[in-house]
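The primary structure of each chain is shown beneath.
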Amino acid sequence: MSFLDYAPAPESTSILNLRSEYGLFIDGDFVDGHGTPFDTISPATEKTIARIATADAHDVDLAVAAARRAYDRTWSRLSGADRGKYLFRIARLVQERSRELAVAESLDNGKPIKETRDVDVPLVAAWFFYYAGWADKLDHAGLGANPRSLGVAAQVIPWNFPLLMLAWKIAPALAAGNTVVLKSAESTPLTALLFAEILQQAELPDGVVNILSGAGDTGATLVNHADVDKVAFTGSTSVGRAIARSVAGTQKKLTLELGGKGANIVFDDAPIDQAIEGIISGIYFNQGQVCCAGSRLLVQENVHDEVVDRLKARLSTLRVGDPLDKNTDVGAINSAAQLKRITELSDIGEQEGAERWSPECNLPEKGFWFAPTIFTNVSTSHRIARDEIFGPVLSVLTFRTPAEAITKANNTPYGLSAGIWSDKGSRVLAVADRLRAGVIWANTFNRFDPSSPFGGYKESGFGREGGRHGLAAYLAPAARQAPGAVPVYESVIDAPAAPAGPEPLPPAEPAIPSLAEAPAIDATATSSSASATDATTAAEGNVR
Amino acid sequence: MSRLAIPKTYKLYIGGKFPRSESGRVYEVTTKEGAFVANAAKASRKDARDAVVAARAALSGWSGATGYNRGQVLYRIAELLEGRRAQFIDEIATTEGVTRTAAEAQVDEAIDRWVWYAGWADKYAQVAGSGNPVAGPYFNISVPEPTGVVAVVAPQAEGSLLGFVSAVAPALVAGNTVVVIASERYPLSAVSLSEVLATSDVPGGVINILTGSPAEIAPWLASHADVNALDLLGAGELDWVDLQIAAAETLKRVSPPENGPDAGAPRLERITAFTETKTVWHTKGLL
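First to last, the sequence lines map onto chains A and B. So for the first sequence, the working numbering puts the first residue at 1; every next one is plus one. So for the second sequence, the working numbering puts the first residue at 1; every next one is plus one.
Hints in this document: simulated from the structure, not taken from any laboratory. Don't take every hint at face value.
Said to hold, decoys possible - With a straight-line Cα cutoff of 20 angstroms, these simulated EDC-like cross-link-like pairs (lysine to aspartate or glutamate) come out:
1) B:Lys123 / A:Asp433
2) B:Lys284 / A:Asp273
3) B:Lys11 / B:Glu33
Sequences and hints are given; from them, build the entire structure.
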């Protein structure tokens with residue numbers, strides 16, 4: 001009997017008080033959707049958790065109208081201090097119900113309870129607490145005095161961190177004075193609906209936050225809605241591209257947080273024990289279904305064998321299995337479609353000549369599972385070194401000089417994250433300077449904090465979430481006065497409902513595709529480098 | 001007997017050199033009344049692509065220079081502009097058909113605006129960056145960095161020098177390199193500015209200037225995969241929504257057209273529009 005054999009220690013689901021059916025959350029109430037409802041399942045067991053309403057175009061209209069009303073009549077007239085108080089309430093309610101939220105998230109998403117309990121849900125509370133304090137301090141957000149909110153924000157989030165991505169989107173939007181229509185991911189709608197209950201407990205004014213469930217077409221309808229002022233999307237680069245096209249020519253302000261192929265660079269003077277742990281958490285955290293995952297390991301050639309051997313040894317001690325078990329390190333893959341993608345890309349890795357290795361592990365029969373995998377002998381031209389796999393698959397490449405490491409790290413259209421492992425401070429800083437990525441972790445990996453801006457370079461998207469920068473994504477500078485003119489806006493409260501941009505654009509020929517042609521938008525965070533897939537996904541109405 | 005003047009050949013400015021358009025094409029620049037002033041090079045798709053190559057090649061040097069250094073190099077341009085003031089005033093008065101006083105005012109404002117931007121080079125990162133108080137033992141800092149190669153459609157109307165400066169200076173301050181499509185109708189001050197640049201300390205390729213038809217060239221730049229951002233400041237008369245759609249293919253950062261007297265007004269946001277925020281975490285461990 002090895003030390004890996006242990007008695008199961010599952011977290012009880014008795015803390016949950018789930019309903020068998022959930023509606024849409026519009027204007028403060030749960031209402032029936034007009035689309036065809038769907039079942040949300042546990043990816044670990046494939047058992048149905050609840051039946052979820054689907055929002056169609058009519059429901060999107062209702063939600064946007066509710067958000068607009070709430071913006072005009074309530075939220076934009078509230079003082080920053082009062083907006084902040086609501087956000088503080090939400091933060092506290094999340095903390096109070098944290099165990100319940102963690103269990104629900106692990107159930108619906110498949111990620112280990114260890115992560116939802118210790119990372120996802122605590123960060124959700126932290127995010128609301130952080131932005132709560134900003135609500136009455138917007139003059140210091142970096143846009144000058146009296147910055148304006150934008151209006152109604154359309155937000156579409158992915159399935160990999162369902163509740164955390166909701167918090168990243170809603171907290172800064174509300175602090176800045178916007179109202180929200182958020183669409184959760186099709187495979188993980190549950191915690192957003194529990195969050196809606198929290199909003200009711202917080203007595204947030206009706207319509208300030210509206211939560212819709214549905215697939216990619218619901219998301220497309222939402223971001224293309226004419227009465228939306230801000231679009232924030234986290235998901236795949238191909239869908240991000242489609243959104244960037246569809247908002248072209250409109251005045252919608254856009255934030256995109258898209259795919260990545262993060263390089264984790266290990267120099268020969270790295271603190272090796274910490275580096276091994278960092279590499280593991282960099283790619284196996286959340287089953288590797290993380291846009292900023294360190295999916296390309298770049299190891300200095302002279303320590304390659306040592307690092308790979310130790311990685312394999314460490315990987316053999318990871319416990320794969322029941323997400324609700326407190327001992328589990330690696331949980332279930334979120335969906336059958338995602339499992340298929342991971343499987344396909346891994347097979348291609350083998351076909352292209354890379355060496356595949358996984359520890360022996362007994363995967364459950366039901367559910368979606370993939371053993372943690374390492375590929376060695378990977379070259380930069382391999383698909384597994386270029387495409388975002390979005391699974392527990394690490395590609396190991398080597399380098400000899402820092403310059404080569406930097407070149408290889410930057411050799412990708414993505415630019416979201418990177419890691420550097422070295423005990424030499426001057427080298428860490430020099431390399432960090434030259435990496436084209438929005439978040440760089442030196443001698444650590446996959447750290448998140450509400451005060452720390454997060455977001456990509458290049459095709460990993462634009463705009464930042466977190467920190468002062470994340471707040472600015474939901475604000476515009478005060479309207480500039482024409483010389484000698486009376487100020488147009490005395491205060492935010494008097495501003496017209498549909499705020500004019502600081503620079504009125506010429507009447508554009510809006511190139512908004514009709515709904516039928518609109519790209520399917522679902523916040524799957526997987527991505528394909530082939531933009532040709534856009535057409536197919538649009539036709540299928542779902543990007544998965 | 002008056003001396004016979006020597007007219008200037010107006011050419012493109014790519015990679016620090018003055019080529020004619022590879023297409024061999026030119027077009028007439030005229031006074032308001034339609035009298036011939038000069039032939040300007042009519043840049044082609046190939047010229048635009050050459051300019052992107054030059055801009056990419058110049059990027060690491062320019063973006064890697066210290067802010068203090070970039071600030072001095074940019075300030076030096078203002079010094080040289082001041083020395084050539086009369087030439088710019090003549091060209092503007094001739095082609096834009098404005099009074100000398102108006103031309104003088106435009107040139108002065110352009111030079112002053114250039115100086116205003118030059119002063120930001122070693123400051124914008126301090127104002128736009130932040131030290132982040134994360135809840136853990138980590139050093140955490142966010143700094144803005146240049147986006148990369150920026151394609152710019154300069155303002156097309158009268159006020160050609162001021163418009164050009166308003167479009168180009170903020171992108172350069174942050175350390176971007178640029179490919180600029182000058183005003184089609186009033187290209188002379190842009191070309192003369194390129195002669196200033198060539199004798200300044202700006203490395204070749206940092207600023208590349210194309211004259212010709214924005215409607216023809218801009219689509220190639222908007223869809224070019226090695227261009228990181230698109231400034232449509234002067235593209236109001238073009239089919240700029242199509243340009244923005246083309247730019248979405250590689251998720252370029254796009255700044256929309258501006259119109260009216262305030263178009264391109266100097267402000268920090270024009271600098272930060274073409275920057276990327278990089279956040280660096282480092283573990284704080286015990287010694």
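Quick rundown of the hints versus the structure:
{"no.": "1", "hint": "B:Lys123 / A:Asp433", "verdict": "holds (18 angstroms)"}
{"no.": "2", "hint": "B:Lys284 / A:Asp273", "verdict": "holds (16 angstroms)"}
{"no.": "3", "hint": "B:Lys11 / B:Glu33", "verdict": "violated (23 angstroms)"}
Checked against the numbered hints above, the structure violates only hint 3.
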